[in-house]
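These protein sequence lines are chains A and F, in that order. For what it's worth, the working numbering labels the leading residue of the first sequence as -7, then goes sequentially. For what it's worth, the working numbering labels the leading residue of the second sequence as 508, then goes sequentially.
Take these hints with a grain of salt, some might be off.
[To be verified] Pair ranges (Cβ atoms, derived):
(1) F/H538 x A/A38: 49 to 57 Å
(2) F/F545 x A/A280: 45 to 53 Å
(3) A/V319 x F/D531: 40 to 48 Å
(4) A/T59 x F/K607: 20 to 28 Å
(5) F/E609 x A/T282: 33 to 41 Å
(6) A/T59 x F/D562: 56 to 64 Å
(7) A/Q1 x F/G540: 53 to 61 Å
(8) F/H538 x A/R269: 50 to 58 Å
(9) F/V532 x A/T282: 31 to 39 Å
Just so you know, the hints here were simulated from the structure itself, not pulled from any lab data. Yeah, the Cβ is synthetic: ideal placement off N, Cα and C, and Gly gets one too.
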Amino acid sequence: MRNPAIDVQAALTRAHHEEWARVVAGLTRRFGDLDIAEEAAAEAFATAVRRWPAEGVPPNPGAWLTTTAARKAIDRIRRENKRDDKHREAQMVYDGPPETVGAIDDDRLRLIFTCCHPALAMQARVALTLRMVGGLTVPEIARAFLVRETAMEQRITRAKAKIKAARVPYRVPSAEDLPARVSGVLAVLFLVFNEGYLATGPGTDPLRPGLTAEAIRLARLIRALMPDDGEAAGLLALMLLTEARGTARVSADGELVPLAEQDRGAWDASLIAEGHRLVRGRLAAAAAGTAPGRYQILAAINAVHTSARDVRDTDWTQVLALYDQLVRLDSSPIIALNRAVAVAELDGPQVALAAVDRLGDTLSGYHAYHATRADLLRRLGRSRQARAAYDKAIDLAGNTAETAYLTRRRDQPH
Amino acid sequence: MRYLMSVVHDRPTLATPAEQAAIDVFNDRLHTGGHWVFAGGLAAPETATVVDNRDGEALVTDGPFLESKEYLAGFWIIEAPDLDVALRLAADGSRACNRKVEVRPFL
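Can you build the whole structure from these sequences, using the hints too?
Encoded structure:
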C-alpha cells in the first residue's frame, strides 16, 4: 500500500538533500550574491512544501526548484529595485540556455571553496558550509554548536558580508592554491564530524548523529566532485569506519565504551565494507607511488581495527607501523599519544607510559592524555597514581559519556 | 577592486638594505602585473600628530591615535580582481618586507 502523503514527504526530503546545494550554487553564480541565493533557495523549498502535496511532485524536482528559486531571486531584486549593472547582467544570464550538468557540479564545488575560504574564521566556515552547502537551518546549526540563534545568524551574516566586501572569488582555486584549499575544506568537514562524534558540553547528548550524518553526506559530495583526491577519499573512509562503531561506542546507560570492550557484532557492516573498499583503493594508489596523507593513514588504522572480529585479533604491528608513518607526516603530540596506545599492546604499558610521560609538557591540559596515563597506570597496578590521573581526566573531559566512563573506571580500578 | 595592504610591525626598526632590495623587486612586479596603485613607508608612530576638528575648533595632540605595540609601518594600495589574487600578493609582499601584512578591501 502506497501512502501518497509519505511519498511526497520522502520526495521533499530527497529533493532537499540532493538539490539544495545545487540550487544555492547555481543562484550564487547567476546573481553573484550568497544572500540572494540563500534566501531564494529557502523560499523555493518552502513553496515546494506548500504546493507539492496538493499539486503532486513535479517530474523533475531539481529543475522545478531551480526555476522557482531563480524567479524568487529576480522578484527580490525587482522588489529592492537595485538594478545595478550586475543584476541586469544576471537577469540576462537567467534568460540564457540551461546549464549542462557538469557546469552545475562545478558550481557546488565553487560554493564549497567559497564557504571554506581561509580568510574566514574557522567557526564561520563551519556555519556557512552547513547552511549554504548542507542546507541546515540557522536554528539547527545553532543547536548543534550550542550557540544562541541570534549569535549564529550574526556569524553567518558577517561571513557573507566579508565574502562580498572583500570579493572572495566564486571559483575553484588555482592549481598552486588547490592542495592547501582542499585540505582546508576537509578540515571543516572533519570538525563537523568530530563535533557530532565527540560532542562536548555538559548536559548534551554524547553523540549527535545529525552532525556526523551531515559531515558524511558532505564528504561524499566532495569525494564525488573530486574523485582523484586521495585525502577526500581518506576522510570519507575515516568517517565511515568511525560512524560504523557509533552505536557500540555508547552504552544504554550513556557511558562511553572503549574500542576494546565494544560489541563488534553491533558495528554497521555495510559502512565498514564501504570504508574498507575506499581504503583498499588508496592502498593501491600508495603501492603505485602516491604518498598517502593523514586522513588516508587514519582511515587505514581504522580499517585495521574494524577488520578484527575480536579485539585479540587486532594487528597491532600494522597499527604501529601506520602510526609511525603518520608521525613522520605530522609531529603533533596527540598523534604521539595515540601511537603510545599501540605501543602498550606490543611492548607493554611500562614502555608506553614512558612515551606518554614525555608528552606531559604540551598535553597536560588535554583530557585524553590523563585518561591514557590513567589506563596505563591502572594496568601497571599503580592504583593511587591512576586515581589521580582519572581525576584530572574527568576534570578536563567535556563529553558526558566519556565522563561517565572515566568516573566508573576511577571508582572500580580493577 | 582595490585593496589596502598594511604593513604591521612591532619593533622600532626600519627595513634593512636586504629587505629594501626585496621590496623594490616586489614593487617592480606590482608594476608589471598591473597591480600597482600606490605605496609608501611611514616614519615612526611617535612622529604622528592627531588633529580633531569635529567641534570646529582644531585640537592638536601629539602621538599616534592608538597606543599599541603593533603599528602601521607602511602600506601598499593594489588593484586585484579578487581576494585570492590579493592574498597571494600579500604573501609575497610580507615575505619581501619581512613583516606581517593586513589585507583590507576598499569600499
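Evaluation of the provided hints:
1. At roughly 52 Å, the beta carbons of F/H538 and A/A38 sit within the given window of 49 to 57 Å.
2. Checked against the hint of 45 to 53 Å, the pair F/F545 and A/A280 passes, with Cβ atoms roughly 52 Å apart.
3. Checking the proposed 40 to 48 Å range against A/V319 and F/D531 shows it holds: the Cβ atoms sit about 43 Å from each other.
4. Checked against the hint of 20 to 28 Å, the C-beta distance between A/T59 and F/K607 comes to roughly 48 Å, which is inconsistent with it.
5. Checked against the hint of 33 to 41 Å, the C-beta distance between F/E609 and A/T282 comes to roughly 38 Å, which is consistent with it.
6. Checked against the hint of 56 to 64 Å, the C-beta distance between A/T59 and F/D562 comes to roughly 58 Å, which is consistent with it.
7. Between A/Q1 and F/G540 the beta carbons are some 55 Å apart, a value that agrees with the proposed interval 53 to 61 Å.
8. The hinted window of 50 to 58 Å between F/H538 and A/R269 holds, with their beta carbons roughly 54 Å apart.
9. At roughly 36 Å, the beta-carbon separation of F/V532 and A/T282 lies within the given 31 to 39 Å, and the hint holds.
Hint 4 alone, counting from the list given before, is not met by this structure.
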